[in-house]
Every structure is written in structure tokens, then in C-alpha cells.
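As given, the protein sequences belong to chains P, C, B and Z, one line each in that order. The first sequence runs 252 to 622 under my numbering. The second sequence runs 252 to 622 under my numbering. The third sequence runs 252 to 622 under my numbering. The fourth sequence runs 252 to 622 under my numbering.
Careful, some of the hints might be misleading.
Derived pair list, reagent style SDA-like, types lysine to any residue, alpha-carbon separation capped at 20 angstroms [to be verified]: (1) B/LYS570 to Z/PHE518; (2) B/LYS588 to Z/GLN523; (3) P/LYS441 to P/VAL539; (4) Z/LYS441 to Z/ASP592.
Partial list, derived from the structure: chain P residues whose beta carbon lies under 8 angstroms from chain C [stated by the list, open to error]: (5) SER268; (6) PHE384; (7) SER467; (8) MET487; (9) ASN493; (10) GLY511; (11) ILE536; (12) ALA561; (13) LYS578; (14) ASN582.
Hints were generated in silico from the structure; no laboratory data involved. From the three backbone atoms N, C-alpha and C, an ideal C-beta is built for every residue, glycine too.
4 protein chains.
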Amino acid sequence: MSSMIGDNIKVSVFGQSHSAGIGAVIDGIPAGEHIDMEKLGAFMQRRAPGRNAYSTKRREGDVPEILSGLLPDETKESVMISCGAPICAVIRNTDQRSGDYDELKRIPRPGHADLTAEIKYHGFQDVRGGGHFSGRLTAPLCFAGGLVRQILERRGIYIGAHIERIGPETENRYDPAGLTKEDLLLAGKKDFPANDPLRAEAMMAVIEEARMDQDSVGGIIECGVLGLPAGLGNPMFDGAENRIAEAVFGIPAVKGLEFGEGFGAAFMRGSQHNDPYRMGEDGSIHAVSNHAGGILGGITNGMPLIFRLAVKPTASILKAQDSVDMKAGENRELCIKGRHDPCIVPRAVPVVEAVTAICIYDMLLDIEGRG
Amino acid sequence: MSSMIGDNIKVSVFGQSHSAGIGAVIDGIPAGEHIDMEKLGAFMQRRAPGRNAYSTKRREGDVPEILSGLLPDETKESVMISCGAPICAVIRNTDQRSGDYDELKRIPRPGHADLTAEIKYHGFQDVRGGGHFSGRLTAPLCFAGGLVRQILERRGIYIGAHIERIGPETENRYDPAGLTKEDLLLAGKKDFPANDPLRAEAMMAVIEEARMDQDSVGGIIECGVLGLPAGLGNPMFDGAENRIAEAVFGIPAVKGLEFGEGFGAAFMRGSQHNDPYRMGEDGSIHAVSNHAGGILGGITNGMPLIFRLAVKPTASILKAQDSVDMKAGENRELCIKGRHDPCIVPRAVPVVEAVTAICIYDMLLDIEGRG
Amino acid sequence: MSSMIGDNIKVSVFGQSHSAGIGAVIDGIPAGEHIDMEKLGAFMQRRAPGRNAYSTKRREGDVPEILSGLLPDETKESVMISCGAPICAVIRNTDQRSGDYDELKRIPRPGHADLTAEIKYHGFQDVRGGGHFSGRLTAPLCFAGGLVRQILERRGIYIGAHIERIGPETENRYDPAGLTKEDLLLAGKKDFPANDPLRAEAMMAVIEEARMDQDSVGGIIECGVLGLPAGLGNPMFDGAENRIAEAVFGIPAVKGLEFGEGFGAAFMRGSQHNDPYRMGEDGSIHAVSNHAGGILGGITNGMPLIFRLAVKPTASILKAQDSVDMKAGENRELCIKGRHDPCIVPRAVPVVEAVTAICIYDMLLDIEGRG
Amino acid sequence: MSSMIGDNIKVSVFGQSHSAGIGAVIDGIPAGEHIDMEKLGAFMQRRAPGRNAYSTKRREGDVPEILSGLLPDETKESVMISCGAPICAVIRNTDQRSGDYDELKRIPRPGHADLTAEIKYHGFQDVRGGGHFSGRLTAPLCFAGGLVRQILERRGIYIGAHIERIGPETENRYDPAGLTKEDLLLAGKKDFPANDPLRAEAMMAVIEEARMDQDSVGGIIECGVLGLPAGLGNPMFDGAENRIAEAVFGIPAVKGLEFGEGFGAAFMRGSQHNDPYRMGEDGSIHAVSNHAGGILGGITNGMPLIFRLAVKPTASILKAQDSVDMKAGENRELCIKGRHDPCIVPRAVPVVEAVTAICIYDMLLDIEGRG
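Taking the hints into account, I'd like the entire structure generated from these sequences.
Following this line, the structure appears as C-alpha cells:
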């Protein structure tokens, strides 16, 4: 199904940009998991718009209402406990301006799903604000991922991400073999989720420049997972790579994915890329490098799991673009109005963490059982 | 499940490198599809070892026996017809040398799944020749993909791939907006599946150099699909990108995937990356460029579908490597013997085409129905 | 997943008896399906409580709010059109009396899931009103099924059901070979869904007698489907029988299922049970009887599809019952208070139709494709 | 998929009655499970034809060849150990008489899937011996179920079945609350799988009478499971009932299923059907009766799990039947030749046990995890 992810848990996302509400149903969370709702809200805030100069000003009242599946912990304020039933959370779309969507139905925006949706849904799709394709649908994903993230942290599993590149500006990658929890969680604490303040300045300047040019810019997000047990995942089509891949391409604007050295492996020799093993003093085996990104044969090896995602530039730009009027059957110049993020990458960082959390927990339940 | 792929059809792969046989069960192929077995054999030959100087000399009697699901066409030699029941094909492992696998159980090969399999399967895994993780399992994948490929071609859908890079040597990418069927199928007709003979020479030289150094080398494969209807795929987690991604990471040694501009999109502005639309003289709409790789919002737009895969260097190298003796609990130097492809990329090209064919057909059945 | 059904569409049900809301997400309804919301409301009313003397008096404000997936038809009042995105409908639980649930946590009600839920969810389950096990969860099922039912009717496929038995009192079964649309839809138009008014009186008397005895009573529901194309379903585990079976056992209190002659087949000879074929004057083939219930080898044969469900007596009875106090660790007599349906069968009739509609449409999409 | 069953393990069955071979792929069996191949063979023998006077004389060389997934235990003859890779077993169809199948293509046999297959597969189906619909496909199911059964027995879970009815003749049902392992496994040790020798005689006489009349007869099989932990299964659509139901309707000729009291519940009062709880001396809770058949709310309660299946009379009878010639477009009398079981029930008993074993183990892995 299109808007569902997971084997052991199922996260089912619903809603359109301008429907009455959006939300998620999470089926399969075992009973008894305690969720700190304030912490979950704080995680969701990392994705919320209006956080910095570069994101849209649309106010989203992104406080989810819990319809089912979580009961209040009577002993602790702001804590809820899963009861084993599917969890449904709804976020209202309060800021639905009526607007004129006639143009949207006639003139597909380049880089958006307008034309493909028109073909697939024969004109019945909800075009308002991109409908079900809207980036707004990542809010319930952050709810689900933020919730699962707390469960993972109780098991000592941490997920973090940072911006590695915006246009030409980059910052250092994670140290793949020596990644620490502090390094991993650093960017998530910042308004602009890069680790190095100076590099962050340079990246922000690139975004600002694009904005001034009525344009947008893309980037690369690097994500890491620490504390994973070795032995997660499976050979062939159900490996850790396959499952993460299936999920992260569900994040709007993601166009590439690589694990460990990824595309860099194409330039390497086997003697460079293979990660040699050494015996620790305690008798444990470890790899001395981590070009594999923590996965061999689809199965985690206990090293940090590391991957990178290519994010394309925001499709909505103020600059005039060539398009067509499907009704009139003629070429048209399109000028998109309104406020749009000139770079979606910073807000995508928590979404990447959220989707990764869902994947990782889903894989963990392969081993732990679903209860 | 680990060794299964597909929603509408299910391809289930079984076997280990040195088990009695390997094979695939393909459930869901509609009845009445005619399969030219000679053509299928020729496709499988493209993957077979010993085809050129760079591949292993192990002879594989890769002629599959059809156990079920296909009936002979009484009117045409070498043609079989699907009867609607699951198709099972078995390839015997004739070349099983008994060998001494004791070392394999003790000393995990860097870059292989030996250690992760040991952890996951608690020592019960089949270590001979890599067991279920062996590249040999791509033979039944080529059977399944080659079969499906014929069905797709009858619908005017063509899949091709070529080597874009081996180490530092590259050749031109496909023209993403103007790709022709001839360009697409060119490399598949050659012993070394690159389009440009001069560039092929340079790439082969890189492989030979690695071989002489008792080492290996990686590369990049580019794959294209022509003739796809617009409207295939779905939003979010069931998009064309997600489904291809889930499948291709099942090919051994794949560590990266990008669609269209992919990681290059990180460097681009929206005004560059967006593909503008124009109205054709016949009233049809087309994009004038194809940075999206044929997919917008998870749904095909009728342009060529294009993606690239990063393939890591062959993990088996003759050079001595650092490893550990798990039984003795001490560091060990490991020397892998035998013949191994110094570069897996050429033989992976038909495998990429095969897995892509399975994915594309599976998506097509979303629309066509399963019968 | 526990609260999901369907292969081509996914109906995901959420909520507990006393959570803020209950509802369903329906993913996979093709775009462009027109839904008459008044007709849907009328179908849901058939299940609503308080309809006759025998059902509970709890008022359920069962008017679902559409959060997503349906857009208003601008040309017709009370009509909505699917837009291809997941449809989410929410029903508020307005009548949540706080109540004292301490006893419910301690003393499991015989015949209910209280004890099994306690074991499975380790005491974290929502015990109020039966939580996620409540019959109230059939309301969103009726929403989903009622919606799908309209789509089926546009294709000429009709689903109906009637009460065949309450305790010792029965009415005639459908004529399996000669079932008409009028016969099929008759019971659904009545307050008490049996076809024969006299038999209905007798059945109601049995229910009233049970109620007077502070007891409850079970029954049998017969369901028929007309207008199904031949060729739906599949052999072995994906047959029409398997898929209906998997779904209908999701209706609370269902403990048995039989197709066509069902258990009666055990008494028959092959020469009696086999349905002979005859050639119609128009060259079409039909069976002259329908002991198979419209399904052979898991595949529909174009005859009416007919099955029957055994529904156990309502577990909640006013009579004192033996149970245990799990906290005190001692035997206890349990007296359940409040109003409970002395017979759940009448209200289960539309639920059976709803779940059947979901199944049938899901199978139909196998052939039609998901768009 | 049609010929696959299971969520945590996937059993994929392939083959037609007269294809080169039939078999099963079992994906997901954890590594390290020891399988006694002799014991497995003995279990498969219970289903083999020619065992008693009432079954067909076709000799099936039903010794499966293990192609993958099991390695020999070097310390014990006839023991194999799962290695974590998919297990593939193949049974050759040695007794393929060429025969004349022209009539089979033209004249559909009443009670068989001939006509529905013709419609679904447009004439491309394999008609020889019923093709993929043949009861012969239950042999690989017995392989898979027999293998899994050994794993369950190591966990103290036992599955047994017996014939409760053949035509008018019955024997006692299991004692639902007091079922012992001895009772449960008794029938499986006999040539004719009923518990009571006198009742078995009576049933055999009914079969013999049907045979003499060139006819066939149906029956009822009762199946029990002992040793199940409480807490298996889930609410709504993923309950123990749903999963067993989905699977057992995959057994050819099954037309009805009931759990516990099943259809008998329709006649009962709640005060009779509810199973009261009592506290044991050791502080454990037990039900004093078992009308629920061991399942409440879709979840096992630790009591014996009990269900019954209605099996229709063998469709192949020697008596002349009315059918049509589809090619000539006219009515025809059909006389089926050859040897056919006049009653399929005795050979179906181990098949029921096998399919139940697959289901139960699949549910158990929900809790244990897949490793």
C-alpha cells in the first residue's frame, strides 16, 4: 500500500495538505511502552515550519490529538502508555485558506507530482497544496518516528542526522568507525542541523542566495544509528539496506541513497573497502574501519549504521518556469506565488531520523517478537 | 521474507552456493504468457561466469530445469507457456567440490557476510562458498527476470543497463531525455557491457590491473527503462523509487542508488533541476529534460526511467588481509585462495536488468490486474 | 497486522470503546468513486444500537467525520468523491461515562477477551468497555464496508444477509441456485433482519425470553453475493473462501463459517453434492444446483456466493457467573451490570455485509487492477 | 499470493499433478532447528495413497529431495539442521502417464475446478490430473507441516486430528477441556484415523458402500492443539481464528470450519456458552469448560485449541454425471474413469495437522521473534 510502511509495525499515513486533518495510525506497538509527550512534541517541533529564516511562515498547529492506543500514565504528567491497540494521532489543518486552485488543476508545476497525479487519478486528485503529496504529510511521520525513537532509546539505540551538504558547501561526515552518541545527537539540538557552526553559516548563505534569486537549492543528509545489535536484517530482499531504502524514498524530494562509502566504493579497491577484523582484549571482534556502513550481507555487524540521502532542490520556486495549460492545450509560463522553503533539507533532517527510527524498530521486532 | 520480492508476483529465491540446487519460484505470472526458452537461456548466459578474461572459471551448468508452471507450446519448439500455477525452476550445483571449510567457519572474510551470518545464524549457516549469500543466487534471479523481461517486451517496455564506471574510468551516461531503444540495448549485446569500445578497453585495463595486484575494483551501473506508461507507482512508500530501491539492494555488493540526477541534485538549483513541460504538436505533454529520472511523486511520468547503482569492489581478494580466528580467539592473517572475479560489475549488469524487470512488471500489474 | 484487512485495499481500524475516537483508514480506493453519504449513513444506521427493543440503549453519535481522501462533489449535495489518497473517517466517542473500571481489571468476564488481553498486554490494555475488542469497533467497519458496497453496486454486485437462526427458531435459507436481488436485499430493509415476518416474530420471542432470564442467545447469519464475475479468487491459500474466512472471523462472536452446503456436505454423497453443468440456450454454461456456494477450487463460478456464520451468544449477561479476582487471587462471583444486547445477531447482519463487501471488492481489484 | 501461507515463515507450494515435480519452499525457519528426516517421512506416509483399501492405488514416490536450507547433522544419521536459508524440497512426479487429456479440456467435471480454471486461465491451465488444484499438492504441505511439527513438539506443542464423521457415522469429539496428549495423538497412529475402533469400522463401511455405488462420501475432521501458550494471536483480523481459517480453506474440499462449539453456539444461551473461571490451588487461572475452543478475542487462552472442518465428498465419482462439452457447445454425459478415493477424509487428516502446524508456528514466531 502506498502510504504504509513496516512489517511488524504498520505506520499508515493519511491526509492531504488541505483536508480536514492529517495523521497516522500505528498498529503493532507492544503494550506498556511509555511515551513522554513533551519530548515527542519537541521532536516534532524540529520539523515544524517557521523555525528559522529559511522555512515557510505557514503556522501549523501541529499538536496531534491522540484518538486511540495511548492511555494517560496516572502517575506522570505528560506521559502516555501504549495499550496494544492501534495508535491514531490526528493533526488538524487549521490554516486552510480557500484560495483559487483552478490554475493548479490546469498548469502542472515542474518538479512536482501535479502531472503524474493528474494521469494516475484522472483529475480527481486533491490539488490543493499538493494534496497527499504535500511535505506536510511528514508531520505525522515525525509523530510516529518520534514515538518509536523513545522506545529505541530505552534499548540504547540512538538515531541522528545532519546536513552534509547544501549546494557546494559541505561539512565533515561522521567518523564511521568512531561515531559517538554526542556527535550523533549534536545537530538535532540546533536550529540549523549541521554540526560545525562555521559550515552551517556557509550553508545558510547558499540557501539565502538561492532565496534572493527566487530559486531553491538541494543538499545531502547523513544519518547514523548507534547501539544496534549485530544480526539485524536478512539476506537478499529483506536486508537492512532494502528496508531502509524502501522507507526513505518515501520522504519527499529524496533522489539518492548510499550506505557507508556508497558511490565512493566505485573508486576503491577491495583491499581499501574491506573492513579488517581485530580481536578486542575482551575477546570481542570488531572491524577497524567501517566502509560498509554497518551492514554486510543485509545484516548489521554492530558498527555504526551510516547512510546518506540526496535531496533535490525545492520544486516550488518563484522564478517563472515553462509549463503547459492542460485545459487550453497550449504552452504557458508559470509563476508560483506564496512562500516556500528555498531549501527543504534542514526540515527534512528530523523526518529522516523519524523514518529511520520506524525502520530500525521494525527490524528489531523481527528479533524481539511482536508480543 | 528475506528471499522474496514482489507484491503482485512473488519471486522466491532458494539455494546455497553448494547445496544440491538453487532456483526460484515465481508465483503470480498470469496464464498464457509465451516464453522463448532459448532467448531466456541467452539472457542468463550474459551473467554466466567464464564469459571473458575477467570472470571466474567455475563452470556452472546453469541450464534451469522447469519443474512446474510452464507447459510446452506444442506448435513451437523451445517455447513454453505459463499455465497460471507457480513456476519453479531449478539449477543443479554440479561443481560442488567438497573442500575444507573449517577455516571458513573460523576466520570471517572481511567484506563478506561471514561474521554477520555467524551472529545471526549462531554457527548453523552454510559457509560453503558463501552459502545463501553467494553471488551464485543471482542465477535464478536472472531466470525470473529474463522470463518477465519477455513479457514486458511484448508490451513495448525495454530494460537495459551499462557500466558507467570502473574505478576511475567512465563512459557517457545515457541521454536521459532522448534515450533510444538501440542505445539502451547496446551494451547487453557485448561481452563487456559498456557502450563505447574505447572506454570499455580502459575499464578492462583497470580490472586487469587490480587482478595483477591480487586486488579487486568497484564500479557504477546505469540502468534505463523505456516504454513505461505514465502513472505507474504510488505516493509515499509504494512509489516506483521505493519498489526499485527495495529490490536492487538485494543484489550482492550494491551500496548506493540514485534516480535521475540523484546525488548531483544536491548541487543544483530548483530552476536547473525542475523539468519544464512543453505541449507537443499532437497535444501531448512532455518534459524537455529528465533530471527526475522519469519519476515524480513516486509515479512514472512517461519519460525514460533512469537510475544508477554503486557496486563495491569484490570482497574476495588474494591479497593477505587482517582477520580473526573466532575459535582460537586471536588475530589472524587471512589469505583467500581460488579464483574470484576481480570485478563483479560486468556480470552484475544483467542481474540489474533482471531485478528491474521483476519490479517494473510487478508495478505494471498494479494497473493491469493480476488476472 | 491485527486490525487491518485487504490486499489491494487496506482497511485499518483503530480505536477503543472509550478512547477519544474510533475510525478507519481505507487506503487504495481508486480515485473518482462517487459516494452517497446519506446512503452510507443509512447503511451504518442498520448497525446502530437502539434500533429495536433488543439492542442496547447507548446512544452512539455514529456520524463519521471525513478527515481525508474524499472531496465534496460540487454538483451534488451529500455526494463525495474519492481522490486516490487514503480515506480516514473518525467517529467520536461522545458517551464516555467515566465509571469505575477497577473491577474490570480484576475480574475477567467469562466469554470476553478480558483474560486473554490481560495476558497478552500485561495489564496495559484498555479495559473500559472492552477496549479495542469492543463491538463498537464494528461501526468503522460498517463505514468502510458501506462505502465499498456502493462501488460494488455500480458494478452490479449486491451483498445481502439475513438471520437464519436464533436459538431453536429458524427461517428458510436462500435458494442457492435461484437467489434474486430482491430476496437478497429484503432483510436489510427491516428492523429485524429476517425475511419471513412470522419467523422473525418467533426469533424475537426467543431473544426476549433470554433477556427476561438475564441471559443471551446466539444464532446463524446467512450471507449471499450476487453479480460476481466468474474467475475471482485463486487456488490454495488465496481463494475466495480463504479471504472471506480471514475477514469474517474478525467480526466479534463469530465462531463458525461454512460455504454452500458446508457442514451438511459431510452427510452427502458426491453424486448429490456435485453441481451438474448444463448448456444454456445462449451457449452459456451454468450449474443446475449450487451446493458449492459459488466457489470451486477457490475461484468463483458465477453462481450466487453463499456462506453462513455461527454467532455465539452475547458474552455479557446479567446472570451471576463464576470468575476470579486476579488481584486477590481468589474465586469470585461476577455480576455484570448495565444494558447489553441479549442477542448480537441482528446488529451483526450489516457488519457481515460490510466485511464481505470489503473482501469482495479486494478480490475484484485483483482482476481490475488498483489503478 | 495464491500458493503461499504465513507471515513470519512463508511456505510456498509449487507444482501440478503431472508436472516434472512438486514441492515447497519454506522461508524463515530459524537456523539450528534439528529435523529427524525419518520421522518426517513417517508423517508424510500418513497422507500417502495406497495405505488402505479406500485410497487410490497410484504409487507416489513421495520421498522429497532437499535442494537447500537443510544441512546434514554430522553426528546423527537421518537428522538435518536448518541453516537459516530457505528450505526447498522437491518431489518428483514419476507416475506421469501421458494419457488423453482432450476430454478434460472440453468437459468440466462437476465439483472440480475445471470450469473455474478454464475461465480464470483462459484455457492455458494444466488440466492433467487437476493441475495445480490436485490433491497431490498436499504432499509438499505435509513436508512443510511435518517439519514444523517437530519444532513445535520441542516446545511442548502437540497437534492431532481425527475423523469425527463419515456420512451418518460419527465418533466422540475430543473432550474440549480435558484433552490429553495421548487422546490427541491416538488417531494418527492408525491406518484409519479415528479413535474408536468400532466407530472406525462403521465409517469404513460407509465409505465402502459409497465405493460400491460408484459414488463418494464426505465427513468432518476434528483437530486439537495442546500446549499452546496463552496470549497467541491478536484482535480483529489477525486472530488465531482468522489465521487458521485462512490456511485450512487452502486444503482441497474443505467447505466449513468451526471453533469450539462453533455452529452449536447458535443454539446456546450465554450462561451455557461462557466458560467460567476458577482459581487453581497454585494460583493459576483456568476455565472449567472450553466452549470457546481455546480462543477468546482472537487470542489463545491456554485451553486446548479445538476446531472442526467439513470436508465435501470426493468430486471424482465413477457414476455418470451431467456436464457440457465446451468446444461442441452441447450437453454431455460425463463418465470419469480411473481410480479415485471414494472418501478423501482419512488422507486429509494429516494434511489438516500439517497446515495447522504451519499456522501455529507462524503465530508463535510473532512472540518468539524470527531471529
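Now the hints, each set against the structure:
{"no.": "1", "hint": "B/LYS570 to Z/PHE518", "in the structure": "holds (18 angstroms)"}
{"no.": "2", "hint": "B/LYS588 to Z/GLN523", "in the structure": "holds (19 angstroms)"}
{"no.": "3", "hint": "P/LYS441 to P/VAL539", "in the structure": "violated (31 angstroms)"}
{"no.": "4", "hint": "Z/LYS441 to Z/ASP592", "in the structure": "holds (18 angstroms)"}
{"no.": "5", "hint": "SER268", "in the structure": "violated (12 angstroms)"}
{"no.": "6", "hint": "PHE384", "in the structure": "holds (5 angstroms)"}
{"no.": "7", "hint": "SER467", "in the structure": "holds (4 angstroms)"}
{"no.": "8", "hint": "MET487", "in the structure": "holds (5 angstroms)"}
{"no.": "9", "hint": "ASN493", "in the structure": "holds (4 angstroms)"}
{"no.": "10", "hint": "GLY511", "in the structure": "holds (6 angstroms)"}
{"no.": "11", "hint": "ILE536", "in the structure": "holds (5 angstroms)"}
{"no.": "12", "hint": "ALA561", "in the structure": "holds (4 angstroms)"}
{"no.": "13", "hint": "LYS578", "in the structure": "violated (12 angstroms)"}
{"no.": "14", "hint": "ASN582", "in the structure": "holds (5 angstroms)"}
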